[in-house]
Each structure stands twice: as structure tokens, then as C-alpha cells.
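Visitor: Chains A and B are the protein sequences, given in the same order.
Quick note on numbering: my numbering labels position 98 of the first sequence as 98, and the sequence is numbered without any gaps.
Throughout, my numbering is defined as the position within the second sequence, counted from one, plus 111.
A few chain B residues facing chain A, derived, Cβ under 10 Å: (1) 152; (2) 156; (3) 160; (4) 230; (5) 235; (6) 238; (7) 271; (8) 274; (9) 298; (10) 356; (11) 360; (12) 375; (13) 406.
I should point out that these hints are in silico values taken from the structure, not numbers from a laboratory.
Virtual Cβ for every residue (Gly too), placed ideally from N, Cα, C.
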Amino acid sequence: MENQDVNITIIDRDGVTHKIEAPTDMAMNLMEVVRSYELAPEGTIGVCGGMAMCASCQCYVLSDTELPEMQDDEEAMLSEAFYVKDNSRLGCQIPITPELEGLEVELAPES
Amino acid sequence: MITTDILIIGAGPTGLFTVFEAGLLKLKCHLIDALPQPGGQCSEIYPKKPIYDIPAYPEILAGDLTDKLMEQCKQFEPGFTLGERADTIEKQEDGSFIVTTNKGTKHKAPVVAIAGGLGSFEPRKPLIDNIADYEDKGVEYMIKEPELYRDKKVVIAGGGDSALDWSIFLSDVASEVTLIHRRNEFRGHLDSVEKVQELKSAGKINLITPAEVIGLEGNGKIESVTVKQEAKVFKKECDHFVPLFGLSPKLGPIADWGLEIEKNAIKVNNALDYQTNIPGIFAIGDVNTYPGKLKLILCGFHEATLMCQAAYQIINPGKRYVLKYTTVSGVDGFDGTRKEAPKAVVKAIE
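Just chain B, same shape as in the assembly (with noise of 0.2 Å):
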């Protein structure tokens, strides 16, 4: 069982600046999030886009405002739970909350602060028919362990980053790789474009555009699907059929813990701590909604640092604290390591 202070779901830069916050009043954080990586939305969907609207960066590239927020916070050593969604969330006797994840991680804290952005990051699965029989049996909409496709023929259809990327690095272990896309055009980095050229050149890959695949066949298990080829259509033979047709969030499981959603989003107090309906449970940045509300990262910010402050309430109940400045009072990270800003110099002038 991990523990912790406040267990944060969701680690884009809402999530990660609330570790720094609550690292300046001596707690410390756990993440959870979905994705293999730190960065939510800014890593996973455009990290290298500007954003304008970051106090005092008059440009920063998502992914580098992620990086940032990272070293920011490092000093307060957070935790990670990466790759696995937080799915069910009960309270305990003592007022604290245990959350688990899809792959049975156990979290415990007595603040939770949901950071979920839009949601977790779910695969867009094709719309054949039958593709849901074959789940697991054959249809993975991600790779995870690219062992399993050892000596197998694989499909893969999308034309992204991701579709170019798994087709190249398929191509050394499979028996057989086919991409198949519905158009002649990738929509990917150069690199990978041009490998995936010279693969096919080379015989490694099987390209075949624009096609689509309509249907899926086998007892079973899948054995083979059921290619569109403009007017062509035909059996191909295969033991594994992965659409990466990228990710779509979707707010999943959150919206099964009895929190009040309204608009998409979870309701919260907004004038006083992101509260939600239940207390020790905050929503804070896109997740959340209240009148008013902009989903902007710099709001999501503003809500982070008050509800660090009803956190320390809450796991501190009557001690005293009052708001301290970075400036004068520097910062104590749990690494030991000590910022400050340098004293003034006193001397005489003679």
C-alpha cells in the first residue's frame, strides 16, 4: 500500500504544480495517472505547441512547461504511479480514502485531489462490428508487452505516430507485419515516415492504402480480417489486430464515486477551497466546474495552491500556520536540499 499526503489524480500541470504548493507546507504527494508519462494533455497531445498564456513566459512549449514543473517540484520528491487508472476510490473509518487502480495498485491518503483534466486517456477503438468479441483475444488497441507478437502476423491499422512507430519496431519481431491505413499519407514524424518507406521496399512491412479494415474473423480467437481496398475487398490472415486510432479521454471511473458532475465535469466550492461533495475529495484545474469557471492552466494553478491550503487543514486539524514567501523564507525540499535567496550585504563604506 502506497501512502500518502495528498493523493493526486492526475499528473498534468495542474497535478504537478499542487506537489510544489503542498511540498511548501510539508506534505507530500502521490500521482496516479493513466498515461505512461508526466504532462497530461501538454505531453500526450501536443507537446511541442507554444502556449501564450503562462504568467510571464511570453511562449513556453507544453512539453517543456512540463519539464519545468517537474524540476519545480522535484525537490518534494512526489511519487508516481504511472500507466494505470485510479478506478475505485472507498473511505475508511479514519476519514482517509483508499484508491486503486485498473492493475489493483493500492493508494491511501486523507486528502484526494482529482486533476483528471478531461479524463483518462482511453484508446478510440474502430467501429466494426464484432471488434468486442475479439478483445484480448487477438485485438489490442496498445501495445504493451511487444513479446506477445513474437513470430505472429500482425495487423496494425492508424495513420499516426504511433501506427508508424509500432510497424517499425514490429517489423524485428514479428513474422509478419501489414499496416494498413486509409490513406496513401502518414501523418507522422519524417523519420518514421521514411523508415516505414524503406521497410516496405525492404519487404519487412506490408502497406496496404488506402484500405480499412470492416471486419473481423475467427473462432475464437481472431485469424484473420476482412480488408477494404477501394473497390477490392479481401480475407488477410493474421493472429493480432491493433487499431491505433490515438486516445480520447473520457472521465471513466471518476464519475462512478458519488461525486457530483455536472457539464462533463466535477462540481466544486469555488469560494473556498475546490471542495467537492465529499469532503477531503478536491477537484481542481479542467477536471472541475463552478460558475465561472475558465478551464485555463494558470486557473488550474490558482486552484491547486487554495486547496493545498484545506488539505493542511484537514490533515493537520487546529495547528497554526500562516502563509509564508518563497523569497524570505526559501525552500526546504525533502531531499534536503535548501533554496534561498542570497542576504543582503552589509558593510560599511569608509
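Pulled out of the complex, with its shape left as it was, chain A reads as follows (with noise of 0.2 Å):
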């Protein structure tokens, strides 16, 4: 069978880099990759389980991979979370793909 995970690089809240493979046959989305490695203490990510509602899961998109277009809740997410950048992303709202291969992101600070 053909290897359905991508290479993703996560950089967590302490500035470590991960390498990590994902599964793209498993309907996960960033946030759940980065819980699925414990790349962030339980509790401090993905609080409202993955309903753009809490931006728990918020980071920086580093690599100019090409990502799902930001639907409407995902930006009103974060147009009232804190640190947001003009890279900012909710990791539940990008569903793991093939076209994530090579996608590098860094995990925005704890709020």
C-alpha cells in the first residue's frame, strides 16, 4: 500500500523543531497531529475540541505551503484571539492532505 502520511515540521512553544509524519487517511487536522505527538501540554491546545472556538491551537505558517482558504468562524476566531500575525492559522481548521506535505509551522504562545 502506498505511505499515506506527509512530513510536516512543528515547532512548539519552547522553539524545539519536530519532524513528525502524519496520517492523511485518518480525517485529522493539525491541532490533532499536534495533540496525536504531545508536541503541547493536553489542556493547553484544542480546549473546545476543534470548533474554531477557542484558538488554543493557533500558529504560525511558515513554509508557503497552500492551505484550505480561512472560512468565516475561523477568522472571527481570530480576529479576537491574542499574538495573531498575518501568518496566523487555527491548526483545527487544516484538515491533514497530501498537499500539507513539507508544511512547516510553529505553534503560537499559550493564552
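Two independent chains are provided; combine them into the complex using the hints.
Guide: Right, here's the structure in full:
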């Protein structure tokens, strides 16, 4: 069977770089991948469960990987979140697909 | 002093179901929750969202689940201390505990069940350097007494329902209401957005968007905020600044109760009864952790049920009991009501 994993680089909140493989066939999103690799303590990420309602999974996109367009709820949440930059996204709104190969993100500080 | 058998900290689904299971064992419950209403995350964060993994409910809205749980436990007459956060716990000589809230309300019980989910919901504070200097000196993160704002100049920041709703409400109370939001768009009920639009047109609400409060000034109490609107920076006079950026859960004071904490959760003995390292204190639902833990409402229900059996043993040492089935035994409420299955008809066929 073909390898369905994509390679993603995640810089955690302590500045440590992790090169990880994420499955594309488990309907996971970027927030869930961070949790599955325990790159941020439980309770500090994905607090709302992935409904774009808490911004605890905010990350900065460092690579020029093409990502799905931002929906209204994600944009609204980011407009109320803290530490927001031009390259901010919510990890829970980014599904893991083959197009994400080579994605590089940094987790935003906890707030 | 409020006294009860099981003092439950957290009135989310797990806490509410505990009331029912405890009631079957004739144990009374009282619940403390930092939120003003029961339901926990289900009512605070996502009341209108469907849940698909509650057994026997192919789909149920989180708010409806809360209502059903309230209905199910009603006959066991739970007490509630709402809008108060459980702050301290003291063990008494007789083995019971006294839990005191941030408002000084005292509760006494032989068993404490922490069903605190992700913790108590605390307001998210904006990143303004000197904001702490003005807390309770004109800066409030929650509106508790609207009368405080009568004939005052109020600046509200935020773009969600609470910012919209309070702007609307205070437009009749305050002498001046200014709503500041980072974007031109607001995320809230359509009615509220339209109402704010109306009040803005009528000159009853000043709307400043897209803008942000970046500084606070005043001598001993707040006198103005510094607003950055695109390239423009200016001061806006005010008596109160109310940032409403939602709530985020924090484990809070419970973390200092001497309980073993791991991964922001309370370690429990899952082989038996979800008791913590302190005998008499249990942790159930999302707030606990053990090998293989899953944060699911249905797991919280299971944990609550087993915990109640252990609580019974603590409260009634040596007193015999066997598990009974509600279909067989019915349910006797503390309010005098009785529910029972209808008896089969016994009649000869001639």
C-alpha cells in the first residue's frame, strides 16, 4: 500500500523543532496531530475540541504551502485571539491532506 | 454552611449525572460551578452544536443534553452554588471537607467529587501592559452589576455575543457606550448585530472598527484608553473599560489542593473508584487522568456511577447494599415522587 503520510515540521512553544509524519487517511487536523505527538501539554491546545471557538491551536504558517481558504468562523475567532500575525491560522481548521507535504508551522504562545 | 453528602465541583454533564446515580443510593448532592448556569462547556461554549456519541441519542444538541440531565436529576433535589468558584478545601477532624468559594460560601460534605472538566472558565485578558494596575479601578472583565455603569462613559472591546449584548444593554444605562473591535464584522446572533447597527445609526453607540485598545491611562483609576484605528492613534475618555474576549478554562485553585496533577488533569485510581491521592476526594470526567483515559461525556457518566458506589461506602461504612435496576425498583425522588414500571397484567383468558 502506498505510504499515506505527509511530512510536517512543527516548532513547539519552547522553540524545539519536530519533524513528524502525519496520516492523511484518519480525518485528522493539524491541532490533532500536535496532540497525538504530545507537542503541547494537554489542556493547552484544542481546548474547544476543534470548533474554531478558542484559538488555543493558533499557529504561524512558515512555509508557502497552499492551505485551504479560511472560513468565516476561523477568521472571526482569530479576530478576537491574542498574538495574531498575518500568517496565523487555527490548526483545527487545517485537515491533513497530501497537499500539506513539507508544511512548516510554529505554535503560537498559550493565552 | 451548606451541608450535603456529595459535594460536586462542576455542574457539567458528568456532575449532573452524578446527582442521579447518587440519588439512587439515597445520597444528596450539591454542585458548585463558576459559570452562572449548569451544563459546563455544553451550555457555555456549544449549546447549539450537535453531539453524536451519546448512547441511544443518534444526535442531541449540547444544550438539550444539559436540559435532559437536569430533568433526569431533578427529583433528587440537587443544590446549586452557581457563579462562584471553589477556591479552598480544608479537611476536618471528622474526615469531612469544607470547601469555600471565591465569594466565601462554605460547603461541608464527607465526599467531594471534582467534575471540573477543563477547569473554571476565566475571562481572557487582553495583552495591554498595565491592565493589571486598573483591575477593579475601572477595568472589569465581566459585567456583574449593570448599575455600576449608570451615567458613566463605558468602552467595551470584543466582537462576540457578549460584547454586542452588553453594548446594547448599557446603551440605556450608561451616558456613553463605545464598542471597539478589531474587525468591521461581528460574530454573534444576527438580531444582536442588527440591533447594534440600529443603535449606532441612532447615535446611541459609538462604534470604532477596525481598531484595538493598546493602552490605558489614569491616575489611580482609569480615565482614558488609547485606541489604534489603522494608522490613527488617539485617546478616548472613559470611566470604565470592559474587555469581553471570551472565557478560557483554567484548572485554577484546584491545582493547589494537594492533588496529584499530571497533564493538567488530576490523577485517579481507575482500577477501582476514581479516587484521588486524598481519600474522600474523587475526580471524574474530563478533569481526571489515568492510563487509557478518554475525554468523552459517556466516560464521565461511567466514572460518576462507579464513584457513587465508593462514596456510599464512605458515608455508610459497613452498610450493605446491592446494585438495583431502575426498571425493577423504580426511582424514589427526594421530592416524594415515585417513578416505576407498570406491572404486567395478570388475567385469565377464557
